[in-house]
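With the hints as extra help, turn the sequences into a complete structure.
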Amino acid sequence: MDPVVDVTVRASLALLCLSATVHKLRDVARFRATVADYRLLPRPLVSLGAILLVVAEGAVGFALVVTRWWGLAGAATLLALYAGAITVNLARGRRHLDCGCTGPALRRPISSWLVARNLLLVAVALAALGPVQRRSMVWLDPLTVVAATLAFAACRRASDHLLTAGPALARLREAA
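One point on numbering: in the numbering used here, the residue at position 126 of the sequence shown is 171, and numbering is uninterrupted.
Accuracy of the hints is not assured; some may be wrong.
Stated by the list, open to error - Computed Cβ-Cβ distance ranges for the label pairs, DEER-style:
no., residue 1, residue 2, range
1, P89, L195, 40 to 50 Å
2, E219, S157, 17 to 27 Å
3, V177, L217, 15 to 25 Å
4, R75, R180, 15 to 25 Å
5, L188, L217, 36 to 46 Å
6, S92, L214, 16 to 26 Å
7, E219, L188, 43 to 53 Å
8, A199, P87, 17 to 27 Å
9, R71, T132, 24 to 34 Å
10, T189, A215, 19 to 29 Å
Treat the hints as calculated values from the structure; they're not laboratory data.
Even for Gly, the Cβ is constructed at its ideal location relative to N, Cα and C.
Below you can see the structure in the form of structure tokens.
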């Protein structure tokens, strides 16, 4: 793998984890309620579980910046955990749950698209664990990393809004 691809993948995943951490920290009580709604932890462990998830997300975001293997492995693990939690609740028929990934500003019901997106990101993180070529970075490489990371962030933001608007659009179609 080219070092530019490696740095871009890690920067993009770090941005995802760190922005999700900030979203959750904006309204910890709401995130705690979201964790409780998933019904995967016993009631007495919900608060601790919510705190551990926020800390883990922040730690993974930081690890992606400072250490390649731990950051990518942590990102893959966290995203797989989220995909599993969503899958369990979809199988239970609990599609009304907020995913908990966008913070208090934007409510998004869980869906199979979120599972697919998370699994795609797991695959990207695992693929990025492969060997990185050794080569000198040229002046264009940092610009490429920044542009590609911003493009990833824009695509993720657009997909967040499309996934949020999807159920409302479906209701409008049914009403018409």
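Give me the numbers of the hints this structure contradicts, sorted from smallest to largest.
-> Hints 3, 4, 6, 8 and 10 are the ones this structure does not satisfy, whereas the remaining hints hold.
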